[in-house]
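Asker: Here are the chains, one letter per residue:
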Amino acid sequence: MRLTTILIIISTMVANARSYAQKVSLSFKKAPLENVLNEIGQQTGYSFLWDQQAIKKMPPIDVSVHNTDIKDALMISLKGLPLTCEIHGLVVYIKEKPKDGNVTFPNGLMPMIIPQPVIITGRVTDSTGSPLSGVSVFLKGTKTGTITDGHGDYTLTLPESRGILIFSYVGYDSKEITVSNATVVDVRLNPVASSLNQIVVVGYGSQKRTYVTGSIASANLDVVRDAPNTNIAQSLQGNIPGLNVGPVTSAGSTPTITVRGQNTLNGNTNVLIILDGIQYNNSLSSINPDDIASIDLLKDASSTAVYGAQAANGVLLITSRKGAISPKPRINLNTSYTTQTPSGHIRPYNRQEYLDKIRDLYWDSAYLAPDYTKLNPNFDIAKFVDLTMRDGTGILPNDFNWYNAGTKTGLIQDNQLSISGASNKVNYLISGAYTNQKGFIINDLFKRKSLRTNVETQVTNWLKVGLQSFASFVNQDGAEPTLKALFQMSPLQTPYNADGSLNPYPFNSVDPNPFLTYDVSDYERHNYLFANIYTEVKVPFINGLTYRLNFGNNGREDLHYYASKYAGGLTGEAYKQSENYYDYTLDNIFTYTKSYKRHNLTATAVYGAIKRRDESTNATGTGFTNLALGYNSLELATTQQISSDGWQETLNYYMGRINYSFADKYLLTATIRRDGYSGFAANHKWGTFPSVSTGWIISNESFMQKIKAINYLKLRAGYGIAGNQTQRYYSLDQLTQQAAYVFGDGGSTVIGQYISTLPNNDLKWERTSEINIGLDVNVINDRITGAFDYYSRHTNDLLFPVQIPNITGFSTINSNVGEIGNKGFEISVTSKNLAEKNLKWTTTFNFSRNINKILKLLGGGDLVASNLFIGKPITAIYGYQTAGIYQLNDNIPAGYFPGSYRVVDHNKDGVVNSNDRYVLGSQDPAYRFSVLNSFQYKGFTFTFLLNSIQGGKNGYLGSNSPSITLSDVNVRNGGIAGVKYWTPADPTSTYASSPGAAPTISPSIYYSRSFVRLQDVSLSYKLSSTFIQKLHMQNLSLYVSGKNLITWTKWKGWDPEVTNGGLDPNGRPLLMGYSFGINATF
Amino acid sequence: MKKTIKITIYALLVFFASCKKDFLKEEPIGFLSTANGLVTYNDFNEAANDMYRVVRTEFYTRDENYPFDYLYSTDLVYDGQASTYRHTNLLATFAPSGGNNIPLTHWSALYKLVSEANVIITRVPSANLTDSQKTLLVAKAKFFRAFGYRSLAYLYGGVPLSLEEVTTPKTDYVRAARHEVYEQCIADLKDAVAGLPNIGAVMDGEVNAQAAGHLLAEVYLADGQFQNSVDAATSVISSPLVSLMTKRFGSGATNANGNVYWDLFQPGNQNRKSGNLEGLWVIQIETDVPGGSAVSTAQAGSYLLERQHAPYVGLLLSTGANSSKPADPFLWPFDNNSGGRGIGWAISTKHFSDDIWQSDFNNDIRNANINFVRVFTSNNPASAFYGQQISVSNPPPGITAPSRGFYAYEAKCSPPGSHPANLFANGTSGGLLKSTAGGTYTDQYMFRLAETYLIRAEAYLGLNDKEDAAKDLNTVRNRSNASDVLPANVNIDYILDERMRELGVEEKRMLTLCRLGLVYDRVKRFNPYYSDISETYNLWPIPADEIERNKDAVLTQNPGYQ
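So the sequence lines, in the order shown, correspond to chains A and B.
Numbered per the numbering used here, the first sequence spans residues 1 to 1082.
Numbered per the numbering used here, the second sequence spans residues 10001 to 10562.
The following block holds chain A by itself, in its conformation from the complex (with noise of 0.2 angstroms):
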């Protein structure tokens, strides 16, 4: 018999019971030996190893002791058995007696054994067996752990041969091991199934996911750590269903960023910001996306409540990485180079397109009358460019490309390090980043340096302090040309004079050479300082309640300095502007958690005040004789010219919630807030939001337990109310004061004052009331998991500049109107298609849908100036319908002219008028939806995210109806290459141009913006262990990606998201780009 074959190990750990007894009391007659083993593992606490069936084999025993240790206990229970045991620690072996029948135990007792320290080693690996490097490895209870190294082993010292290890890593489940005598202990951890156990930040605190009862969705930040976003806001975009994230187009700027649908006419449509907890209004650019650990969206109501009176607009909790948890410091380096080049093509005229358009705008002249298609052979197009394209001799010779010459290969250069660890009582993390963007228009400069230190201590076992806190330096320099006026400059000018100085103004008119701003001193920073001081305290005397206080300061200063000789009609000017920004957020959260049976309760009380401070101050001067010491000296300038201003604003807060859970079924979230805002109306102070949700873990019922495909299944239902608040000041009438007048030659300035707004005392904010219904399962051993929102929202009292006659004196009265609903549905799923050992294959699938209604208006119908309308979107367009051109020989009506868009008689009244206009069709997108695969293999990781905005039928449509009328304007601007305007020898073009004065109506005409982007790819290569072994690291990854590579759309111009995106020289290109980066762990 070997003891070697079948060991059970038997584990009698008594809950409760950390000490290991050394008496026993025994009374067995006929006992099994094996009832009589456990009986005394059971009072000692001792485990023991034996072969089960060498045991069995044993005949039954009689034993009776009082009182007895537990080695004579043992003696006298295996007396006459061919058994002896050994006790190691507080382990009992249980052993055959060697054949010569000599027991070695000195005395004939067996030995008192003293618990002594054990080494343990081993090695953790993932599922597919590669190692895991950076996992920690405690000993249960105790302080004593360890990480892993780059082979994925570690080695840790237990004090005794027994006890519990506990192996976690970011991102896998973790796993308790419980060790007894062993020394070497592998591990292997699969990835976290399911994101049920994951902690989602609600506000105002955190919640294990399966409890959470809102509509609360977490972004998945790993897919796109690895692409090249400068602002963390666009790693959003196609992230979580129901969060709408606009595209950038300049270096550095923050999208625009709404959930579900728009709630509101004319108040802050933006979600609002929370970072570790305090209100953030400044720009998402001064953050570094490296730093951030979670990025969790409140959607509904329900959740967004414990917001009150600023949530309609959905909550968005940002918050900053700590150090983990890990005697041993993390060091992390990743740099990255990527590319950016306009997505859209679009290029100016060059000369001969630019003459053709020249021609055409004067086809009257020449073309041949009477049918004009045969060009006149005596049409001298010398005399029709505009004046400062011709010389003595006839047209300027050039065919200078500006838009070229203005723009280059955008590049950002990123690079980031952080140091992170934690010890007993201290944790922390302290980054600095270098971001450096050079946009893909000449001078579009970007460059951030930012640093955050993050730490916490355990000052006491009842105390805790804190501190998060980074600073932001964003440098601006440099004035850049816009688009539209390299698309404006003709091919026939060069921005060069014969000298080679800049001719400032090309055209001999007011628009400047855009050129012109390659030579100013353009100085452009903000600076953002944040930090958020917190305490913990363990109330005394009451278990389970914990106060926090965070005290969170937010800080921007913005400069813009600015320096042109060549402003001021080329006199010069300069100007020195200044902002600075300051708010504190003090909030003090009690938290009460208390677990009672199978009742689970976790109360929230916030008391909290908020106050907001801004001051700016512009000095312009005009007129230098000497601009040398530019924007410094502007009390040189003839024309001095200041002005400054300020605003303030305070809020104050109170705010209950209640989690309640029992039996891990049935669950309930109930809050209250209340708010006040200095920015309300003098009769509406403070508004109160209440909310309540519900949810019910259905899978944990016992009839639910038969069923194996589903492994988790929760119902959610909730209500709740949040606000839109009201802008500071809109409730007040307000002076508007200016130097007026002057009366007389030489006479002084006076200043002149008007009421510029109406006072409505009644100001309210914005409710928006919802109704949240969601379903979360997973199937398949989580091979399959998805959640399910059904949202319909009501939004009340909406604020708006109601339009009222001028008669008044004013134009508008912020007023609340009307009624916007809000339905949609948003469906994310998640599959793994394939968890093979060396192949991963897993795709996430979002979709999401929102239809908005104007439900009601003041005064009960529509609002025609104010392009509202009752049952139809905010966004409807309301135009008018055309039907082609109006060619040569047509009937034309008097006020169009051929060329002219042929506007429809809608209302077949016999006049065309505004009264034809009627609802084309919206700006709003039907559905949107994102395909995220990632692949895994052995070391690389390949994902892809395709990203789509749909407009179904009439939806997301945008004007894109180029047209021109002859005049000095349009005959000497240069123009979109593609864009051939109606004359009659191109009949069929289908941009309208006029030969005189515009037509009585010149409708635009919108197309369908649809469209599927490949938005972002990524390839990334974890190198093999032992290699990065023998450069001391525990991680090395290398990465290339590529951002909106690829766009499917019938939409022409450069881009169907962005604004202007059309055949537009306003607008500005989504950029697309590659880059390449490293990413290193010490």
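Treat the hints with care, since some could be wrong.
Straight-line C-alpha distance at most 25 angstroms; calculated DSS-like pairs for lysine-lysine [claimed, not checked]:
id	chain 1	residue 1	chain 2	residue 2
1	A	K175	A	K823
2	A	K685	B	K10025
3	A	K447	A	K408
4	A	K208	A	K464
5	B	K10350	B	K10524
6	A	K764	B	K10170
7	B	K10170	A	K856
8	A	K538	A	K140
9	A	K706	A	K665
10	A	K980	A	K1052
11	A	K764	B	K10551
12	A	K764	B	K10025
13	A	K853	B	K10551
14	A	K611	B	K10025
15	A	K856	B	K10551
16	A	K872	B	K10551
None of these hints come from the bench; they were simulated from the model.
Model, not experiment: these values are computed from the prediction.
For this one, chain A is given, so just place chain B on it according to the hints.
Answerer: Below, chain B without anything else, positioned relative to chain A:
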């Protein structure tokens, strides 16, 4: 443990100690509201000052388009380059809704003036001010309110009367009869005449009893109260403080080529400070002074009459007199009698530049080349024409007159030497101008005594007193060395022609023609460019947006508009 308790107590104190009661009180730190900004005499004077700014913006300096809605589609000028801003395609220009929103833009500005006046008129009586302060403020406000309503009534016909400060939204206005609006103006102006100081006692540019009297005479005229009009005008004309200028004066007095009419429009010559006793209400434009509107460093803020009315001589191509020197005859833009930086948008009608001058073509000083430029001297040394005189009446081959590049224009829109030094390309006065030129940098007459005579002449004509009408006309004509008109020849056409001769582009011609209901008649006869003119355009449309906004009552539209 003691420490723990202490901290807990402090924390609880923080939680329960509510913020101070006024923590949420809203106190703007960057602007004033009526509670603290409309209290003192000084505050109300600031409110009064703003009305001057509103008037100047509306009629002169808003931008390059809207102030000139008072000139285009009248008998004075036509559009040099087709645009609805210059009233080509009247259907689009005066569309009640959309387009350039011309009807709404002026409507809103004029009602803004009315509302600012109403604030003063409503608030002053209960303010803590002396009686004389109250009288003066109300008289000023009533002057401006009448000025606003009179302009509205001329352009749009009867308009809603709003006579109190509006503090809550009102959306049920109805149109008053045109006559009622005139009556309101007359009542206000009577108070203004009584309450405003004489012109000698105010600062240059301020409204005064004489300006109010002039306006009163005009509104009486509009309302058909001819004798009252005569009386009101007489009280102005008979004031010893004002008189027509008949002798050379002011900044250009030593220029031998000039004459007294020319003097009236030279830089610095509009205010009484220069000795000018003819200006009744002079709109103040100061360059590069806050509140002065005009700047020398940009076009915006200036009165862009030069840009509109002076010809675009830079367009002229030299076609041949001497093929070895093909350069254009004119350097452009240039500070001389070639019109500065004009771009030829407001071309004089044949009636304005030729017909009206026929009787006294050579002796009327208003038609002297220095005042009405028809002969231009080539200023381009590279041109074959250099130094030669080129006349609009007999241009060389290849140059068409009238055309956008070349027509007779009134020099008061661009007095040579009036451009600020900053506008000269070489940095010192004279010669080529920068591309930011285009403004008229002199003060502007809103009311001038010569017009008071013409108003009285019109009133006499209304009374069928052609003798006295002719006398007044001849007073004006004689100053300019023009021959007398015979009483028998006086009729409304003659008076309108005389206004053209005397006032030209200085006049808000649209107001005059709308007042008389003669837009269609005069344009049809004298301005063939606007071939689409019809009776409809004798009044502007009520802005359609305004009809929509006034949702609780109907503002009826003027006939012909839809």
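Asker: Return the numbers of the hints above that this structure violates; sort them in rising order.
Answerer: Going through the list in order, the structure violates hint 1 alone and respects the others.
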